[in-house]
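Given the sequences, and given the hints that come with them, work out the whole structure.
One letter stands for each residue in the lines below.
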Amino acid sequence: MKEIKVVIGHRMGKGNNVAKGVQKASGKAIVIPGMGADMKLGDVMHEQNADIGISFCGGGGGGALAAHNKYGYKAIYDLRSIDSGVAAIKKGYKVLGFSFLDVEDLGYRIVEAYKKSGPDKNE
Amino acid sequence: MDYGFINNIVKEKGLSMYGFSNEEIKLVSDCCNEVLNFCKDNKVEFDETAATVFIAHLTTLYERVKKNDFASINSDIFDQIGDELFDMAEKVTAIIKKYYKHDITKDEIFLIASHIGAMKERLKEGGDTK
Chain A
656 MKEIKVVIGH RMGKGNNVAK GVQKASGKAI VIPGMGADMK LGDVMHEQNA DIGISFCGGG
716 GGGALAAHNK YGYKAIYDLR SIDSGVAAIK KGYKVLGFSF LDVEDLGYRI VEAYKKSGPD
776 KNE
Chain B
11 MDYGFINNIV KEKGLSMYGF SNEEIKLVSD CCNEVLNFCK DNKVEFDETA ATVFIAHLTT
71 LYERVKKNDF ASINSDIFDQ IGDELFDMAE KVTAIIKKYY KHDITKDEIF LIASHIGAMK
131 ERLKEGGDTK
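These protein sequence lines map, in sequence, to chains A and B. Letter 113 of the first sequence, counting from 1, is numbered 768 in the working numbering, and no numbers are missing. Letter 19 of the second sequence, counting from 1, is numbered 29 in the working numbering, and no numbers are missing.
The reader is advised that the hints may include incorrect statements.
Unchecked claim - Derived DSS-like pairs (lysine-lysine); straight-line CA-CA distance at most 25 Å:
(1) Lys134(B) to Lys669(A)
(2) Lys21(B) to Lys725(A)
(3) Lys669(A) to Lys130(B)
Unchecked claim - Partial list, computed: chain B residues near chain A (C-beta under 10 Å):
(4) Lys21
(5) Ile35
(6) Thr62
(7) Val63
(8) Thr70
(9) Lys77
(10) Ala81
(11) Gln90
If you are wondering where the hints come from, they were derived from the structure by calculation, not from laboratory data. We put the beta carbon where it would ideally sit given N, CA and C, even for glycine.
So this is what it looks like as structure tokens:
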């Protein structure tokens, strides 16, 4: 089974709780360190050939917009809940922009949703 | 840095997500232009990536002002933001208030500070290099 790679860019360099959830779902989590990590999301996704990117920036995921503008990733922003993130994955979005929602369940459910509906359907 | 792309970003986000009028797109674009130039004059010149994110934020902020629905954030998140950053964010907020004609909450000022702080970090690392 292919390992699902998720890059996490949080404005204040956090995101370890989401990372735990990604790992719990057997995915690989890459947390970008430092203030402004969300602005590096597209670059790190590109370098790592990641499957999913998650941006946290308070206002709703400008990092996702930047990743879309620079690399053309299909991105959605202003997400506010875990369910909205899962729905976005089911619709084929690769980059998800949230306010601040660094919780384990988000990482877990995003990876599980990707397994069921992502391009590789890793079920 | 030439910020000629401001209008396109405000238009893209403001029109598609919030249905801004042409007047609102101009108002938010003018605000972003003055804010970015203020930062530039104060030794925090935003590169294209960070400016894109900040402009998107200020566009969304305008929508929140309209709805009086401000971000509410656990202040522990902002533990890395010191007085100097917060002071500059307050000056930026004064510019925003001039355009948006509304008070801005402390949590929102922290968010603005996080943009300025992030750009300061990027400047230390060389900014847009890729």
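### Query
Can you list which hints this structure breaks, lowest number first?
Those not satisfied are hints 4, 5, 9.
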